[in-house]
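First to last, the protein sequences are chains A and B.
For the first sequence, the numbering used here begins at 1 and goes up steadily by one.
For the second sequence, the numbering used here begins at 1 and goes up steadily by one.
One should not assume that every hint holds.
Claimed, not checked - Dumping the calculated BS3-like pairs for lysine-lysine here, alpha-carbon to alpha-carbon at most 30 Å: (1) K266/A <-> K324/B; (2) K53/A <-> K364/B; (3) K52/A <-> K251/B.
To be verified - Negatives, chain A to chain B, calculated, CB over 12 Å: (4) D16; (5) P32; (6) R90; (7) Q119; (8) F132; (9) S138; (10) H183; (11) V227; (12) R244; (13) V278; (14) T295.
In short, the hints are calculated from the structure, not lab data.
Since we're looking at a predicted model, the values are computed, not measured.
The beta-carbon is built from N, C-alpha and C at its ideal position, and this holds for glycine as well.
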Amino acid sequence: MAATSTAPSLPPALADAVRDDASLRRFLHGLPGVDQVGVEQRAAGLGTRSIKKAAKLWAIDTAISMVDLTTLEGADTPGKVRSLAAKARRPDPERPEVPKVAAVCVYPDMVATAVQELQGTGINVASVATAFPSGRSSLKVKLEDTAFAVDAGATEIDMVIDRGAFLSGRYGQVFDEIVQVKHACGDAHLKVILETGELATYDNVRRASWLALLAGGDFIKTSTGKVTPAATLPVTHVMLQAVRDWRTQTGQLRGVKPAGGIRATKDAIKYLVAVHEVAGPEWLTPDLFRFGASTLLNDLLMQRRTQLEGHYSGPDYVTVD
Amino acid sequence: MWEYAPAPESRDIANLKPNYRMFVDGQFVEGGGEPLKTVNPGTEEVLAEVSTASTADVDKAVKAARRAYDRVWGRMPGAERAKYIFRIARLIQERARELAVLESLDNGKPIKESRDVDVPTAAAHFFYHAGWADKLAYAGLGPDPRPLGVAGQVIPWNFPLLMAAWKIAPALACGNTVVLKPAETTPLTALVLAEIIQQADLPPGVVNILPGAGDVGAAVVNHPDVNKVAFTGSTEVGKIIQRQLAGANKKITLELGGKAANIVFDDAPLDQAVEGIVNGIFFNQGHVCCAGSRLLVQESVADELLEKLRVRVSTLRVGDPLDKNTDIGAINSREQLAKIHELTASGEAEGAERWTSACPLPDKGFYFAPTVFSNVSQAMRIAREEIFGPVLSVLTFRTPDEAVAKANNTPYGLSAGIWTEKGSRILWAAQKMRAGVVWANTFNRFDPTAPFGGYQESGFGREGGRTGLEAYLDV
Chain A
1 MAATSTAPSL PPALADAVRD DASLRRFLHG LPGVDQVGVE QRAAGLGTRS
51 IKKAAKLWAI DTAISMVDLT TLEGADTPGK VRSLAAKARR PDPERPEVPK
101 VAAVCVYPDM VATAVQELQG TGINVASVAT AFPSGRSSLK VKLEDTAFAV
151 DAGATEIDMV IDRGAFLSGR YGQVFDEIVQ VKHACGDAHL KVILETGELA
201 TYDNVRRASW LALLAGGDFI KTSTGKVTPA ATLPVTHVML QAVRDWRTQT
251 GQLRGVKPAG GIRATKDAIK YLVAVHEVAG PEWLTPDLFR FGASTLLNDL
301 LMQRRTQLEG HYSGPDYVTV D
Chain B
1 MWEYAPAPES RDIANLKPNY RMFVDGQFVE GGGEPLKTVN PGTEEVLAEV
51 STASTADVDK AVKAARRAYD RVWGRMPGAE RAKYIFRIAR LIQERARELA
101 VLESLDNGKP IKESRDVDVP TAAAHFFYHA GWADKLAYAG LGPDPRPLGV
151 AGQVIPWNFP LLMAAWKIAP ALACGNTVVL KPAETTPLTA LVLAEIIQQA
201 DLPPGVVNIL PGAGDVGAAV VNHPDVNKVA FTGSTEVGKI IQRQLAGANK
251 KITLELGGKA ANIVFDDAPL DQAVEGIVNG IFFNQGHVCC AGSRLLVQES
301 VADELLEKLR VRVSTLRVGD PLDKNTDIGA INSREQLAKI HELTASGEAE
351 GAERWTSACP LPDKGFYFAP TVFSNVSQAM RIAREEIFGP VLSVLTFRTP
401 DEAVAKANNT PYGLSAGIWT EKGSRILWAA QKMRAGVVWA NTFNRFDPTA
451 PFGGYQESGF GREGGRTGLE AYLDV
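Pulled out of the complex, with its shape left as it was, chain A reads as follows (with noise of 0.2 Å):
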């Protein structure tokens, strides 16, 4: 593990994990272990939350302005990112009081269509990078692709960490790719890609966690949405977890980004009351929390109408894209 001199400055107790290799695994480590049964049962337990009327309405509110609408095609063109600013900046044409969501989030070379479409809407243009989704690429390149985004106007990048460096123990090598990522971003912030679904346990995620956080992640963030599954209820409790015992250790506040497979209002609100219960509501901000989802957008935006309405009006009535 390289010394390396742009390392986020840490209080003493964390600043000794990331020394060396040896420290970092040694700290990964020692941390306390997840019970799989017992997180999976908290999970469901809080999934029974019965959210009603004003507080509904505040969730999907809140849900949509948390949304980082995303695509991420080999088909995408122009066009396509143009109608999905639109989109962005009026979520519901007929309703103009829907906040807009947080973040469009695009490949890098769809960057700059976007940044011109969402110029001046306060709409964050995030770029996915550092060869997504795999992150099977050299380092250099890794960089390069980062830079492109940032030169293009991202003001958020979604980098992938090295699953393969991850999983055979190389945590000093991902530690450094993240800090080197981080560097890269300048301004931007940095969601650093977990992709739980190739890391298998909850003991890894916790790792790869307080890997992601020490190294300077301004959000971990679940899933690519290439790999199944993607975002679970369990797996962003132990995230969530992860940002809450961050903050009590350096009192600073880090976000936590669900991606892929949450493309339900009733699932959106069990992420929420997570948040709310297991981080804290200081948590339920795009500041902190964002939905990575593209299909979840249009349910909300019905599910919306339904308890303004009293009454469901069906995907017609929301626009496709």
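Based on these hints, arrange chain B on the given structure of chain A.
Relative to chain A, chain B alone:
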């Protein structure tokens, strides 16, 4: 900043009636005792008037049970008995919502628990035991186990329907007939279970349900024609029963109090241990005989764990039992609330450090905010006596042997919890625990296939599982 809107389950679903009557010989009849009024502990309003049994009614019920045993139930093939028991199980499922709401009204427990735990587990007990009815010869209890006769059963108020199921299901499966007395403060769901039993077309007299106070319970267990006594309740009453029945030719099982320890070692999964501790002591307002009312935590992680625990307990929502988001409902009665206040005051007086969640409490009804005492020593009353409320006593230990010694240092011995990621330590500690149920990395999980029961002053005999059948059989 995000307030959950009230999400109350409708109380109409409970089908509450102004009057409930006792169930004897297949009929609902007026009892000869002074009627009792059952109160909703969440609001202190009277829910219904319930007729109670007199001594003569007890005699009538036992005679009916004897008749049913001699003429029908005792000689019925197991496969036939099973059909009735399966029917009861299915009817409980069909009327699950009604039972859950009624249970929360009468008992004060949160609807999410009556809905997700009490009622489904009650149905599961009937399903499980129905399966045994025609296989008793293969239960490993001898080639031809015979029923005992009439079972006299007395149950507590903390899980009114579930305890009735724990008692009635194995008794029926093994070919016995039943006279059951529900608790004075929570008779309603047992009487709806009686409706279900009627609906299931059980022969008259096979199950009789007699509401009333302690005197009715005493008359049931002391009746000379009762062959088997099963009691769940306080150690104090358990001792009286055992004294009274000394020399009587009755088979007894007693499931009494507890002061269980949750032992958290320094290599435990801490976040889930916190969940387990919360579930152990705050589930059902702590009205659980196997509640994890003592927390033994290794000193090296004590501060971190306690900090996490307080944060977690602060999120518990105390209030209207019928609200689907309520985590802690109402204390069952004014008497019980007074007892909790008395014991927590003693904890403060003896020098323990009290922390109570700042959660708001409703103005009316019997409520107690979740409370954690730290710096507790074994000598304090809050470490030795059963509080039966949402109050946790935290003690620390330095070595595994010390943990075991402190955990076992109680006249009780119903349950224990062990939290560690190390498998060998779980097995080692479980071997050393003098407790009937030992949970590892979880707590308060109930399953009809797992025997439940205690050591020492927590009683004797087992309920559930293959072992539990023995209590209702002549083997």
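Hints, verified against the model:
Annotation: proposed proximity of K266/A to K324/B holds, straight-line Cα distance about 16 Å (limit 30 Å). Taking the CA atoms of K53/A and K364/B, the gap is near 25 Å; set against the 30 Å cutoff, the hint holds. Taking the CA atoms of K52/A and K251/B, the gap is about 52 Å. The hint is violated against a cut of 30 Å. Once the 12 Å rule is applied to beta carbons, D16/A is consistent with being away from chain B; the minimum gap is 18 Å.
At the 12 Å boundary, the C-beta of P32/A falls inside the reach of chain B, the nearest C-beta of that chain being 4 Å off. Against the 12 Å criterion, R90/A stays outside the reach of chain B, whose nearest CB is about 25 Å from its own CB. For Q119/A, the shortest C-beta to C-beta distance to chain B comes to about 31 Å, beyond the 12 Å cut-off, and the non-interface label holds. Interface exclusion of F132/A from chain B stands, the closest Cβ pair being 31 Å apart, more than 12 Å.
For S138/A, the condition that its CB be more than 12 Å from all CB atoms of chain B holds, with the nearest at approximately 37 Å. Every beta carbon of chain B lies more than 12 Å from that of H183/A, the smallest distance being close to 32 Å; the non-interface claim holds. Consistency note on V227/A: stated as away from chain B, and its beta-carbon is indeed over 12 Å from all of that chain's, at 25 Å minimum. Listed as a non-interface residue, R244/A fails to keep its Cβ farther than 12 Å from every Cβ of chain B; the least gap is roughly 8 Å.
Residue-level check failed: V278/A sits 9 Å from the nearest beta carbon of chain B, not beyond 12 Å. The non-interface label for T295/A is consistent with chain B: the shortest C-beta to C-beta separation is roughly 24 Å, beyond 12 Å.
Figure legend: structure checked against the earlier numbered hints; hints not met, in rising order: 3, 5, 12 and 13.
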